[in-house]
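Protein chains: 2
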Amino acid sequence: MLLRKKKPAELPSLEETAEDFTITDGEKYVDEIFESDMKISRSFVHPHLDEEEYEENYARAIKELLATGEHKFFVAIDGYNRYLGHVWVCLRTDTVDFVPVAYIFDIETLFPGRGIGSVLLERAEGWAREKGARKVSLRVELDNPALEWYKRRSYHERAIVLEKEL
Amino acid sequence: MLLRKKKPAELPSLEETAEDFTITDGEKYVDEIFESDMKISRSFVHPHLDEEEYEENYARAIKELLATGEHKFFVAIDGYNRYLGHVWVCLRTDTVDFVPVAYIFDIETLFPGRGIGSVLLERAEGWAREKGARKVSLRVELDNPALEWYKRRSYHERAIVLEKEL
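Heads up: the sequence lines are chains A and B, in that order.
FYI, the numbering for the first sequence is 1 to 166, going by this note's numbering.
FYI, the numbering for the second sequence is 167 to 332, going by this note's numbering.
Please keep in mind that the hints were generated in silico from the structure rather than gathered at the bench.
Mixed in with the good hints there might be a few duds.
[Unchecked claim] Derived coverage of chain A by chain B (criterion: at least 3 residues anywhere in the stretch with Cβ under 8 Å from a Cβ of chain B; other residues may be distant): (1) 25 to 32; (2) 65 to 78; (3) 83 to 90; (4) 114 to 124; (5) 141 to 155.
[What the hints assert, rightly or not] Chain B regions said to be covered by chain A (calculated; three or more residues, Cβ under 8 Å): (6) 221 to 230; (7) 233 to 245; (8) 253 to 260; (9) 286 to 295; (10) 309 to 319; (11) 322 to 331.
Built from N, CA and C at the ideal position, the CB exists for glycine as well.
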């Protein structure tokens, strides 16, 4: 006689549980953070890159970013400790104002429009303030609608990133 | 009897000799480069900083920039090997396009309007191309008239740097 294997209790979907999120330290979630970011960042890439080249260069870029400054991650999680979003903030010396600055390298949520991003941003700003940062700085692509989202949260334009293909 | 000390031959002014400039490797000139840049960069600083704080933070910011990537300096010099201007370029992995990118961290000349900056920029671009960079990227402050200068040299806007004071 075959014993039926007990089916694990099914968890409610992330979509449902995301309503009740909390913010916590993100260091234990870095693998999930970069896995999620690598997928999302793909859509902002302009030049043609095959998958292998993209993954190699993605890993190299992250390593270069991590090489300097003090880094901090926060994640939004649901009641089952499942990843819902993150913010990555880095404390350095600003190269224009020459004060301690917190660069927001990345802020993402699986479910936009539910306030997760706002709370993550506030948490990153709070951490930066405690660490002595005088300002927060970040880069937004021209084709990214997040520009208006930041402006509603008191961010103002300071500089332009210019490029030329070689 | 007192011997008259021979007066050293006086060199023509930089203003004159700058007409006949050449470009060369800048590594031997880094002290002069940063001395000049520290003065010029002061005018772009927004927050109040006393002199000591500025100099400390300037040194820290430069150290942080030098910690990652492959760096190259070129200088413009006159016929007496005197400094007239420089460009600082750094090869990294782009954090948005994930291709090798050359960041122009700094380009300055003592005598604007004589073509020194253009030739320095071309030299930096040439170096970057040889090194395999797919693009050149740089940041221009909103209140810096250099924005138009770059646009005339085929640079286009890619992103906005946003800030918020803490």
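- Task: Can you take a look at whether the segment 322 to 331 of chain B is actually covered by chain A? Rule is 3+ residues, C-beta closer than 8 Å.
- Result: Held - the segment 322 to 331 of chain B has 10 residues with a Cβ nearer than 8 Å to chain A, which meets the minimum of three.
- Okay, the segment 233 to 245 of chain B and chain A, do three or more residues pass the C-beta test at under 8 Å? holds (count 3)
- Item | 8 Å C-beta criterion, at least three residues: is the segment 114 to 124 of chain A covered by chain B | violated (count 0)
- Task: Between the segment 25 to 32 of chain A and chain B, see if three or more residues pass the 8 Å beta-carbon test, and mark the coverage as holds or violated.
- Result: Contact hint for the segment 25 to 32 of chain A vs chain B: violated, 0 residues under 8 Å.
- Are three or more residues of the segment 65 to 78 of chain A within 8 Å, CB to CB, of chain B? holds (count 4)
- Task: Between the segment 141 to 155 of chain A and chain B, see if three or more residues pass the 8 Å beta-carbon test, and mark the coverage as holds or violated.
- Result: Held - the segment 141 to 155 of chain A has 8 residues with a Cβ nearer than 8 Å to chain B, which meets the minimum of three.
- Would you say the segment 286 to 295 of chain B counts as covered by chain A, given the rule of at least 3 residues with C-beta under 8 Å? Satisfied; 3 residues make the cut.
- Task: Examine the segment 221 to 230 of chain B for residues whose CB is less than 8 Å from any CB of chain A, and state whether their number is three or more.
- Result: With 5 residues close enough to chain A, the hint holds.
- Given coverage of the segment 83 to 90 of chain A by chain B, checked by CB-CB distance under 8 Å (3 or more): violated (count 0)
- Taking a Cβ-to-Cβ distance below 8 Å as contact, does the segment 253 to 260 of chain B have at least three residues touching chain A? Since three or more residues must qualify, the claim that chain A covers the segment 253 to 260 of chain B holds, with 3 doing so at under 8 Å.
- Query: Has the segment 309 to 319 of chain B got at least three residues whose CB is nearer than 8 Å to a CB belonging to chain A?
  - Reply: The restraint on the segment 309 to 319 of chain B holds, since 4 of its residues have a Cβ under 8 Å from chain A and three suffice.
Consistency note: the structure conflicts with the earlier hints numbered 1, 3 and 4.
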